[in-house]
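Protein chains: 2
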Amino acid sequence: MNVLYLEDFAVGQTFSSGRMRVDVQEIKTFAAQYDPQPFHLDEEAAQKSIFRGLAASGWHTAAMTMRLLVGSDFQPAGGLIGAGMDELNWPKPVRPGDELHLKIEIVGVRPSKSRPSQGFIKVRTTTLNQNDEPVQIFVGNLLVIARLPASG
Amino acid sequence: MNVLYLEDFAVGQTFSSGRMRVDVQEIKTFAAQYDPQPFHLDEEAAQKSIFRGLAASGWHTAAMTMRLLVGSDFQPAGGLIGAGMDELNWPKPVRPGDELHLKIEIVGVRPSKSRPSQGFIKVRTTTLNQNDEPVQIFVGNLLVIARLPASG
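Sequences listed follow chains A and B, in order. Taking my numbering, the leading residue of the first sequence gets 29, the next gets one more, and so forth. Taking my numbering, the leading residue of the second sequence gets 29, the next gets one more, and so forth.
Chain A with its partners taken away, still in its complex shape (with noise of 0.2 angstroms):
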């Protein structure tokens, strides 16, 4: 797997994960570690609400799609930094049984003014279930390690 530095990376590029299937165990267990809602730990309440249906934490789905990016063929050299969100959203309940991947996009690339040695990437990343709808969209800004600049 090829490490990609600031420079490497230009707007309109695209890169995809594996695949990773919702288990209705981890949905509960992480829910009641951190997101201990009704509609996230029991079937009979959930059906009575606005899900109408168990559906993961929105955070649990967070998660998992970071678990994803981490082994996606997307690897920034430094690894994946945060640096600022500029959307996240869940446009569809993620359920038990469902399969994720993610369709990852470059929208941009910045160098940072202040250090040569560094630069930020705005990545636009949708995690999509098993017919392709999206259940996440999150555009995050990463920072990026450039390459030793050429001196002189």
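It is possible that part of the hints are untrue.
Have a look at the derived ranges for each label pair, beta carbon to beta carbon [as the list claims (entries may be wrong)]: (1) 64(A) x 53(B): 17 to 23 angstroms; (2) 52(B) x 42(A): 33 to 39 angstroms; (3) 64(B) x 112(A): 21 to 27 angstroms; (4) 127(A) x 138(B): 33 to 39 angstroms; (5) 80(A) x 52(B): 27 to 33 angstroms; (6) 115(B) x 73(A): 27 to 33 angstroms; (7) 159(A) x 72(B): 41 to 47 angstroms; (8) 78(B) x 80(A): 40 to 46 angstroms; (9) 139(B) x 131(A): 33 to 39 angstroms; (10) 159(B) x 139(A): 30 to 36 angstroms; (11) 70(B) x 46(A): 22 to 28 angstroms.
Which bits of chain B does chain A cover? Going by a derived footprint, with three or more residues having C-beta under 8 angstroms, they are [what the hints assert, rightly or not]: (12) 53-64; (13) 67-81; (14) 90-102.
Listed next, the stretches of chain A that the computed footprint assigns to chain B, with coverage defined by at least 3 CB atoms under 8 angstroms from CB atoms of chain B [said to hold, decoys possible]: (15) 55-66; (16) 80-87; (17) 90-102; (18) 114-126.
I should point out that these hints are in silico values taken from the structure, not numbers from a laboratory. Where is the CB? At the ideal position from N, CA and C, for every residue including glycine.
Fit chain B to the known structure of chain A by using the hints.
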């Protein structure tokens, strides 16, 4: 604890949470499952990284923030249901042993045009460490239920 409906919210209201101590093992467990990068997993590797020491995944901080929100005195009717985010960033790393708490501010209230039974509130949630330094700022929009409208 009072459950709050759309009509109960007003710009300027604030709410607060309990406190949560960040455990080193929990940082590593979360990272191993969802964000397996060296600076979230291993003290020695983290020392050599941009974080200069073990730091929690930003998504872990977001998840811990959600846990504090669910247990806070901010209790919208119908639960905490995210409808998109305006801002999410992590101004400072979260370290093992940090003690987190929230400052929750209502910054917008808007009835739904299409559905009078619901509306949206915009909430700024600042996650602070034991030195009252912000470690996460997140401005999100939540779906909130209105009281039944008076008939006639």
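Numbers of the earlier hints that this structure fails to satisfy, in rising order: Failing hint: just 5.
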